[in-house]
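Enquirer: Protein sequences appear in the order of chains A and B.
Numbered according to my numbering, the first sequence spans residues 1 to 599.
Numbered according to my numbering, the second sequence spans residues 1001 to 1599.
Because the hints were derived from the structure by calculation, they are not lab data.
Cβ coordinates follow ideal geometry from the N, Cα and C atoms, glycine included.
Don't take every hint at face value.
Here are some chain B residues pointing at chain A (derived, C-beta under 8 Å) [to be verified]:
#1 1004
#2 1007
#3 1221
#4 1222
#5 1236
#6 1238
#7 1239
#8 1254
#9 1329
#10 1344
#11 1402
#12 1406
#13 1417
#14 1439
#15 1585
There are 2 protein chains.
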Amino acid sequence: MTDKFMSMKNLQFSLHSTVAAMDKTYLEALNGHDKKSMDMVLSAALDFAQKEMHPIFEEMDRIPPTLLAGKVQVHPAVRRILKTLGDDGWISAVFPESWDGDDMPSTLLHCINFIFAAANYSASAYSGLTIGAARLILTFGSRALQDIYLPPMLAGKWQGTMALTEPDAGSSLGDLSTMAAPLDPGVYAISGEKVFISAGDHDGVDNVVHLMLARIKGAPPGPKGISLFVVPKLRPDDQGDLVDNDVTVTQIFHKLGYRGTPITGIRLGEKGNCRGYLVGEPHRGLFSMFKMMNSARLEVGMGATAIATAAYHSALDYCQTRKQGRAITGPRDAPQCAIIQHPDVKRMLLFQRAISEGALSLILQCGIWEDILERYPHEKKYHLLLELLTPVAKSFPSEMGIHSVSQSLQCLGGYGYCEDFPVEQHFRDMRIHPIHEGTTGIQAMDLLGRKVVMEKGKALQFLKEEMDACMEKAGKHKALESMARDLAAAIGVLEKTTLALGTLAMEKGAEAYLADATLYLEMFGHIVIAWQWLGMAAAASTALETGASKKSNVLFYEGKLHVARYYFSHELPKMNALSHILINSDGVTLEMPENCFTG
Amino acid sequence: MTDKFMSMKNLQFSLHSTVAAMDKTYLEALNGHDKKSMDMVLSAALDFAQKEMHPIFEEMDRIPPTLLAGKVQVHPAVRRILKTLGDDGWISAVFPESWDGDDMPSTLLHCINFIFAAANYSASAYSGLTIGAARLILTFGSRALQDIYLPPMLAGKWQGTMALTEPDAGSSLGDLSTMAAPLDPGVYAISGEKVFISAGDHDGVDNVVHLMLARIKGAPPGPKGISLFVVPKLRPDDQGDLVDNDVTVTQIFHKLGYRGTPITGIRLGEKGNCRGYLVGEPHRGLFSMFKMMNSARLEVGMGATAIATAAYHSALDYCQTRKQGRAITGPRDAPQCAIIQHPDVKRMLLFQRAISEGALSLILQCGIWEDILERYPHEKKYHLLLELLTPVAKSFPSEMGIHSVSQSLQCLGGYGYCEDFPVEQHFRDMRIHPIHEGTTGIQAMDLLGRKVVMEKGKALQFLKEEMDACMEKAGKHKALESMARDLAAAIGVLEKTTLALGTLAMEKGAEAYLADATLYLEMFGHIVIAWQWLGMAAAASTALETGASKKSNVLFYEGKLHVARYYFSHELPKMNALSHILINSDGVTLEMPENCFTG
């Protein structure tokens, strides 16, 4: 059984070709990083993942967190891992030097997340959550809050969380009812209940810092009355000592997968003694949270991509070593061959690569835009592109990842269904991704209901420009001409479908327009990933044409071209069916009466 | 939370409309059963499933079988259930009166399997395996073997199994190496090892009877040297006492789902004292086994259908009661609505019904053909149709069932991912079905490589006749005209695609022809299920037009028509993309060199 959970060669290829394709005007957005320095970081991350995270991949699943007398106990390695990630600067890396950080570009952070999540998704989640929460405090919090919370969080001693969901407010965040009553300037008494809080409490850290949405007493109802607070488990008193902040763990959820991370329910202010500290302006909580949410969504997409990647490497190893059957056209008495020689098995492996490598490439592309915007916040083009593609980068890996891991499992036959191999765990770990940080349905409404129409469709126009540039580049390679043509045709179909939906909106209203938004998102994903594959194919062709000679490199680039070819012949065409469904929709999903479901 | 795991109304609708549509010439194949008698059986089965099987659905998963000192311990209810199923005649029901059976038609048995599997898939598997094994003994075994084995098996005291797979022979059955050395006429010394044997040993019965494939010493290599044996765990000695037969349990597999049934590895003849008794003629074992395998494959399809159905009912209940969000076009301050009112949620529910009810209908259709063939074994048309559609009836529910249960889970959001609700277990239980009794890849090769081409394509022609008859009937209902046209167009696409693949076979050989067989199977499934939906829509229309008046019935029939409409507008079009992929395949799944996967 292989210990390989990702391909460094492929990650480097994706990272460097994405960087190479970026507009050189913005190169400073990488904060001085070059190929060599980035490779060093990746190599160190892989080393840590191999030594500390991957060996306990199964153990963290088999021995999940427990809740005993209000205390959440997690795998003992969690404390060790968080301490190292703190001490060695992994958590602070993307923070400015003033916070002992390295100003590491987001793109590189995504690569690190990829490596860690492929090694052990549950183990990787803790620090990812802390980074997100700390970034929120850095961006919107007062200097006083920063001084208290950032150092221990970046040191891996305190856990950060995002506390949004409530029992009656999940997708409908605007309905949340956790209350904040003013005590002192910036200080509020918090009361309420939150559920589904990842790493919401555990004994791998000394304190937990919830970035929490709540409603200030008297605030307007709905999304515009929500504010953001820091609500720690232990709060510093006037002497600077940590005292109990009246945050109680009510439950931990027992889950299908992602079992190494505790998902908790918490109750706030049971004894009337829970303090929350306002972050940013009152009633602007959703705005602030969504700034972080966007990168959290990319991170979910990357988690899904990483899990699919790890499952693929398990499947590949099995297919290369498992002997079963023989070529149809060969002699009947030939010895059995490795199953990778069967076209049906190759198809399954090609599919897995098409999904996971395509998704990786897309998220790194989004990372580049994040970095550009960090330094040049007024670059509207990249802002709109990032906004447009975030729901795709979150959902495509999450939804297609289910199919991809399912195919990994299928490659192993009966063994895939057994705990002896890691794929069944990947299958379970994967299934959270279309749910957390906004379900696929929510992403679809975001894409079609907000992003496609914002600024009169400007984002879609920018995307088309990006794709046109890619096609032009690819078209220079003879072998890629037909792929470029297929992408051009796909863009045409996307435009036609979007237009048809726009007409539907005018004729029948917003509900009809959005009824099948999820299918639109799926179709959109197929095209966007085709664009990524065309870009990768162009980069691979260039590498081959400009003298790649080392055999392993040549095979790698040729493999890339085959997967691209597979994507265009076997995956992209599915968008036409989706377009057909959308254009010819007769409104059945809108019209089905609820009472017709009974019986 | 609902305790409902299936809809009796829908099962009766499917059963009775399938029976009503059958050629009346063959009505005797139902062995005297009519609507009323069948409904009584279904009602009794549901009663048993509700009282004895469903209440331990979760418990059997959470407390899986253990192997201790060579003994497999299962949930104590297994013995009780098997005893009742034996005592009350459920196991013997499909057997002839001479074996205390009822000559129950297979169609009705499928319905019972559906009810039991929807209630608790693991609990339902035990008796299903015994019935299959006992049928093999009845069909091919000597009277002496029948007299020894059938009574205790049909009484639920002895477990039957199918022991085919070996560590090095799974999909490639012809390579199995378990040996049988002749001792006395019909009696052989067995030695070898088998894996993945469902219910291969457990303490819920007094004995286990393996229907086992092995190679008689000196037999030719490959599939034509394989014979079928009865290999009991305990064998009767000359005095009729049961003595140890040298069958050792080597392991039980720890699995993703389907955890209430032990899947075992067994070693045979370690001490040189394992006896096997030949069933049927030497070297004809695969032929005999495949007679049973066909109905086992339908049973797998039905298991998948049942699991998808149970998951759907959980999702439906949740969507009807969970309040979240409000209509896009309604007032912002309206109270939250039940999520079933959101079109995206309706779409997910419609999808689940489209898959599970379509699959149920197809398998019952196959059941009718089984029954006709049981009484009229020379009816070539039905023989060919059954052969053609068995791989579809096995694979469509298994593969699409994964998506269906995944959508059930999605309906519950974060709760769907938690053990508090049954859908996560359904998600795990479902995943075995594309693997056991022949993987999807194997079914695809069977369909395209054998069934489509057998007797010069005669089966496909018969299928088209059946579909034509259905379209004619449906076309009489104004509202179904466009669906009938869509099906006609789909048949055209199927024919065109099949022809294109035939040309490919001639030009490039069998390997190219079969390379994407799995996609062909998927496309085939879409069309076959459309045909089933058209038939159901016609039956529902007729019921409405001929005076259905009870409100619950009217809603049910109208619901059926909506789901049919959904299937034709949202699912069937996907076949066009698959046809496009197959017709335009450039052979990439064949040509990808194995060494291009590394890196």
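Enquirer: With reference to the structure, classify each hint as holding or not holding.
Expert: For each hint, the structure was consulted:
1. 1004: 10 Å, violated
2. 1007: 6 Å, holds
3. 1221: 7 Å, holds
4. 1222: 6 Å, holds
5. 1236: 32 Å, violated
6. 1238: 39 Å, violated
7. 1239: Since the shortest Cβ distance to chain A is 40 Å, the answer is violated.
8. 1254: 4 Å, holds
9. 1329: 5 Å, holds
10. 1344: 4 Å, holds
11. 1402: 6 Å, holds
12. 1406: 6 Å, holds
13. 1417: 5 Å, holds
14. 1439: Nearest chain A Cβ about 6 Å off; hint holds.
15. 1585: This interface hint holds because 6 Å falls under the 8 Å limit.
The structure fails hints 1, 5, 6, 7 (numbered hints given earlier, in ascending order).
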